[in-house]
Amino acid sequence: MSGVFGSKVKRKEDPRLITGQGTYTDDVKLPNLAHAAILRSPYAHAVIKRVDVSKALEHPSVLAVFTGKDIVQKIGPIPTAWLPPDSDIKTTAHYALAIDKVRYVGDGVAMVVADDLYAAKDALELITVEYEVLPAVVNQEAAMGKMAPVVHEDAPNNVAFHWQAGDATDEMFANAPVHVSHRFVQQRLIPNAMEPRSSVAQYNASTGSLTMWLTSQNPHIHRLLLSGILGLPEHHIRILAIDVGGGFGSKIACYPDEALVGFAAMELGVPVKWTEERRENFLVTTHGRDMILDVEVAGEADGTLTAIRVHNIANMGAYLSTAGPGVPTILFGLIVPGAYRFAHAKVDVYGVFTNTTPTDAYRGAGRPEATYVLERIVDLFALELGMDPVEVRRKNLIGADEFPYHTALGLEYDSGNYQQSLDKALGMVKYEEFRQEQEELRSQGRYIGIGCTTYVEICGLGPSQVAGAVGFQGGLWESSTVRVHPTGKVTVFTGASPHGQGEETTFAQIVGDRLGIPIDDVEIVHGDTDRIAMGWGTYGSRTTPVGGNALAIAVDRVIEKARKIAAHMLEASEAEVEFQNGIFYISGHESGTVRQVTFQEVVLQAYLAWNLPAGVEPGLEGHSFYDPVNFVYPFGSHFCMVEVDRETGEIAILRYVAVDDCGRVINPMIAEGQVHGGIAQGIGQALWEGAVYDDRGQLLTGTFMDYAMPKAHFFPEFETAFTETPAPQNLLGVKGIGETGTIASTPAVVNAVIDALRPFGVRDLDMPLTPEKVWQAMQKGSVSA
Amino acid sequence: MVLNMQFRYSFNHPRSVVWRHLQDEQVLQRTLPGCKRLQSRADGAFDAELGLDVGPIKGMFSGEVRLLEQVEPEHYRLLLLGSGKPGELHADSLVSLIETNAGTEIECAADIQVTGLLASVGQRVMGSVARMLLGRFFKNVDDDMKTNASLELPQ
Numbered sequence: 001m002s003g004v005f006g007s008k009v010k011r012k013e014d015p016r017l018i019t020g021q022g023t024y025t026d027d028v029k030l031p032n033l034a035h036a037a038i039l040r041s042p043y044a045h046a047v048i049k050r051v052d053v054s055k056a057l058e059h060p061s062v063l064a065v066f067t068g069k070d071i072v073q074k075i076g077p078i079p080t081a082w083l084p085p086d087s088d089i090k091t092t093a094h095y096a097l098a099i100d101k102v103r104y105v106g107d108g109v110a111m112v113v114a115d116d117l118y119a120a121k122d123a124l125e126l127i128t129v130e131y132e133v134l135p136a137v138v139n140q141e142a143a144m145g146k147m148a149p150v151v152h153e154d155a156p157n158n159v160a161f162h163w164q165a166g167d168a169t170d171e172m173f174a175n176a177p178v179h180v181s182h183r184f185v186q187q188r189l190i191p192n193a194m195e196p197r198s199s200v201a202q203y204n205a206s207t208g209s210l211t212m213w214l215t216s217q218n219p220h221i222h223r224l225l226l227s228g229i230l231g232l233p234e235h236h237i238r239i240l241a242i243d244v245g246g247g248f249g250s251k252i253a254c255y256p257d258e259a260l261v262g263f264a265a266m267e268l269g270v271p272v273k274w275t276e277e278r279r280e281n282f283l284v285t286t287h288g289r290d291m292i293l294d295v296e297v298a299g300e301a302d303g304t305l306t307a308i309r310v311h312n313i314a315n316m317g318a319y320l321s322t323a324g325p326g327v328p329t330i331l332f333g334l335i336v337p338g339a340y341r342f343a344h345a346k347v348d349v350y351g352v353f354t355n356t357t358p359t360d361a362y363r364g365a366g367r368p369e370a371t372y373v374l375e376r377i378v379d380l381f382a383l384e385l386g387m388d389p390v391e392v393r394r395k396n397l398i399g400a401d402e403f404p405y406h407t408a409l410g411l412e413y414d415s416g417n418y419q420q421s422l423d424k425a426l427g428m429v430k431y432e433e434f435r436q437e438q439e440e441l442r443s444q445g446r447y448i449g450i451g452c453t454t455y456v457e458i459c460g461l462g463p464s465q466v467a468g469a470v471g472f473q474g475g476l477w478e479s480s481t482v483r484v485h486p487t488g489k490v491t492v493f494t495g496a497s498p499h500g501q502g503e504e505t506t507f508a509q510i511v512g513d514r515l516g517i518p519i520d521d522v523e524i525v526h527g528d529t530d531r532i533a534m535g536w537g538t539y540g541s542r543t544t545p546v547g548g549n550a551l552a553i554a555v556d557r558v559i560e561k562a563r564k565i566a567a568h569m570l571e572a573s574e575a576e577v578e579f580q581n582g583i584f585y586i587s588g589h590e591s592g593t594v595r596q597v598t599f600q601e602v603v604l605q606a607y608l609a610w611n612l613p614a615g616v617e618p619g620l621e622g623h624s625f626y627d628p629v630n631f632v633y634p635f636g637s638h639f640c641m642v643e644v645d646r647e648t649g650e651i652a653i654l655r656y657v658a659v660d661d662c663g664r665v666i667n668p669m670i671a672e673g674q675v676h677g678g679i680a681q682g683i684g685q686a687l688w689e690g691a692v693y694d695d696r697g698q699l700l701t702g703t704f705m706d707y708a709m710p711k712a713h714f715f716p717e718f719e720t721a722f723t724e725t726p727a728p729q730n731l732l733g734v735k736g737i738g739e740t741g742t743i744a745s746t747p748a749v750v751n752a753v754i755d756a757l758r759p760f761g762v763r764d765l766d767m768p769l770t771p772e773k774v775w776q777a778m779q780k781g782s783v784s785a
Numbered sequence: 001m002v003l004n005m006q007f008r009y010s011f012n013h014p015r016s017v018v019w020r021h022l023q024d025e026q027v028l029q030r031t032l033p034g035c036k037r038l039q040s041r042a043d044g045a046f047d048a049e050l051g052l053d054v055g056p057i058k059g060m061f062s063g064e065v066r067l068l069e070q071v072e073p074e075h076y077r078l079l080l081l082g083s084g085k086p087g088e089l090h091a092d093s094l095v096s097l098i099e100t101n102a103g104t105e106i107e108c109a110a111d112i113q114v115t116g117l118l119a120s121v122g123q124r125v126m127g128s129v130a131r132m133l134l135g136r137f138f139k140n141v142d143d144d145m146k147t148n149a150s151l152e153l154p155q
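Quick note, the sequences are listed as chains V and Y, same order.
In case it helps, the numbering used here puts the first sequence at residues 1 to 785.
In case it helps, the numbering used here puts the second sequence at residues 1 to 155.
To be clear, the hints were calculated from the coordinates, so they are not data collected in a lab.
Errors might be hidden in some of the hints.
Within a straight-line C-alpha distance of at most 27 Å, the following computed DSS-like cross-link-like pairs (lysine-lysine) qualify [claimed, not checked]:
1. K85(Y) with K55(V)
2. K711(V) with K8(V)
3. K85(Y) with K36(Y)
4. K36(Y) with K121(V)
5. K55(V) with K58(Y)
6. K36(Y) with K69(V)
Okay, the calculated bits of chain Y under chain V, using three or more residues with CB under 8 Å as the criterion [as the list claims (entries may be wrong)]:
7. 8-17
8. 82-90
Some chain V residues flagged as far from chain Y (calculated, every beta-carbon gap over 12 Å) [claimed, not checked]:
9. V133
10. M172
11. E234
12. G516
13. D695
Here a beta-carbon is modelled for each residue, glycine too, at the ideal position from N, C-alpha and C.
Excised from the complex, chain V in its bound form (with noise of 0.2 Å):
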């Protein structure tokens, strides 16, 4: 319907999930299901001498028991498919179970299939496993030097890849008039999923054809690769994800766990389940972040940056992971300049081999840390000036006449109001009176601080050209058909796979705002490899900016199509024949007039095709597989208002101001769930979250005991505001929201830490600021305010 694109509709998926009714994959229970359980290593680094599963196999319960030999010469090993190119990357082999070497806490040694998921997990504890223990190395930095210990042979010194960009040189730092240098350290954070991964599978051996239930953003993608790893032609692999609960980039990875679930059902003939324990999720789904960077920026004395340039030690943990190498390469490196009008840019990055947890996208991937060291390297930047930060982003913040704007590393920025959105915050915050109040509370001894963001994003991943060029393997275009039935309702199936996200509901409200008729008329499919044709998934923002586009096209399709049949009912030229609100009509006359009919009434005939014009095919559906010409850019401004306690070091947020720009808006209020869930993570990496190992390389921080998960109560009521500066290289003119919130507030927290920190002469801290830490950074400080 007319209006409704833009509207605050209801998520037409939440009645189903939020009342017991979804199907997630731990939900699906099959005849004669057997249940698997892996066994883990205990060590991060250890040769495996023997493993005995004689004991396992004699438990009643037991069908199976598979070791890292049984599966050499059946399963292929776990790939990576992200490889950025010229970069020497050592994509070592990667078996599902471990042969002869375990790499880090977790590594799977074993896996038990029995008829009864206890037994399946009694039955690990029988399985003896001698190992000798070798020295691990958990720090990425650490890793490279000379006398650490060796994850893989293959890869000396640890350095999985090293990737450069950018042309900045020696000299524009060296006789800069300002020059401002940090190392920020961005912790290891642990994604935690509200559902654990999962996996069943069943399989035809009649048909020779399997089907997987998976937590999966990507089913089409984890097909393409089980075929592989498997020895399976991928039409006889069939992926369901149907409801999946969050990912955040952990669910895009190709996991050993899940290769070996296919492949015991393949070798057992009976389905087999198996369902992630939450602290299996701590331990061994992939981690996000976790970069030690060195930043510099080169400026004017009157506040203009010139030149910035970063070297990232990327840790990647003890394998590269699916699209783990193109986080802290492709994905940070590339928007590292930001929001500014750099001249010069440069990227130097290391990924690094370590006994650790795999690392892979968690929600921003890359770009928060990009944004992270940049937003607080401006910081320093205008402390080191004495200019007000706001000021200085103010001065560089590229310009709305600018675009598109090409930056120092080769992207195309395709629109944008900078500074009308800082405008908006800024008024929104009452910027010049919260400095006011900050000067007369100092004097009375109490710290508030306001930090900023002003950031651009790039998402709506991505031209498939451009993919290529930057070592994914894989297309990043997106496919949708629009089925129109009979009675004139329709179902949509999208390449895209959203888990979460409310597409269900958006997409609808696409179809209904370009067709004319109810939401409820539409139903949207996804999360099967049998029923859509292809699609690369959801990750990268790129759901709506692309996936929805690509149905956007697909329903013009079919409008294109119904207005050839229409005017052949009403007898007049196609060109003749308008199509508003649900109804075709002619020309010069309103609807309401005689001459005119209803989509309904046009795809009855469509499916009638009892009286179609000359060469019109008889049904009504709409294809397309739509690739983008260029990225989307999101930016906005975000403002953070916190009180340092003198007393306790805790830190209180009093305000959150969040003004973002992600085109044109199909449906408010799932934006700003977008944003304020966005929000919520960042803070959290600011204040609380961060995965710790011991130094040999066990988890310290294996459960929410120990890992900090943001709750509700943490948080103030977040102030969301929306600019819309239209996409304009697609149809929609829509951008990404789904990681703005994650990739502006952590730097606005600190940011505003930091400021209130300034009569302490703090110049930054580590991520998360703990109590603790702030109240040490007080205690060494002197008050000089």
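Fit chain Y to the supplied structure of chain V, relying on the hints for placement.
This is chain Y only, laid out in the frame that chain V set:
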């Protein structure tokens, strides 16, 4: 993770008596918390099975107990190596016996290393649990002395 800890316990018994109890296989079997089995081996070590209960983690550990570097009646080294479903445990402690007016003071300095669940889940409670287990052990030995006076007689 590695945990360093210190522990003290006072006995109202002479040092030689306390020493004999602490070195005795039967006493150890009765007093080691959660001890299901303790069997001496030819090499002087003991094969042991211990049921441990560390905060949220419960499980059987099998492994060995070694009494080393004994300097009677002053000090010895107690080595405990155990592995079980919750992970592995490696405790290396120096136990010193000091004569006091009241009897004997035990000083125990231990390095405890754990892996697996014990590390990821149990680390926050490890210190207090280790303290509790050591406390229970020495208390058991203390109680045992009262009921098994035979060991108090000079041998």
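For the pair supplied as a hint, K85(Y) and K36(Y), is the alpha-carbon distance within the 27 Å limit?
-> Holds: K85(Y) and K36(Y) sit about 16 Å apart, inside 27 Å.
Would you check the hint for K711(V) and K8(V), treating anything up to 27 Å between C-alpha atoms as holding?
-> 25 Å, holds
For the stretch 82-90 of chain Y, does the count of residues with a C-beta closer than 8 Å to a C-beta of chain V reach 3?
-> holds (count 3)
Given that the stretch 8-17 of chain Y was listed as covered by chain V, double-check it with a C-beta distance under 8 Å for 3 or more residues.
-> Coverage by chain V is violated here, the residue count being 0 at a Cβ distance below 8 Å.
Holds or violated: is the Cβ of E234(V) farther than 12 Å from all Cβ atoms of chain Y?
-> 38 Å, holds
Could you check that no beta carbon of chain Y comes within 12 Å of the beta carbon of G516(V)?
-> The assertion about G516(V) holds, with a minimum of 56 Å to chain Y.
Straight-line Cα separation of K55(V) and K58(Y) no greater than 27 Å?
-> 22 Å, holds
Does K36(Y) pair with K69(V) here, judged by a C-alpha cut-off of 27 Å?
-> 36 Å, violated
Would you mind confirming whether the straight-line C-alpha gap from K85(Y) to K55(V) stays at or under 27 Å?
-> Holds: K85(Y) and K55(V) sit about 15 Å apart, inside 27 Å.
Classify the label on M172(V) as holds or violated, using whether its beta-carbon is more than 12 Å from each beta-carbon of chain Y.
-> The claim stands: M172(V) keeps its Cβ more than 12 Å from every Cβ of chain Y (closest is about 45 Å).
Status of V133(V), Cβ more than 12 Å from any chain Y Cβ = 9 Å, violated
Far enough from chain Y: is every CB of that chain over 12 Å from the CB of D695(V)?
-> D695(V) not clear of chain Y: closest Cβ-Cβ about 8 Å, inside 12 Å.
Checked against the numbered hints given earlier, this structure breaks hints 6, 7, 9, 13; the rest are met.
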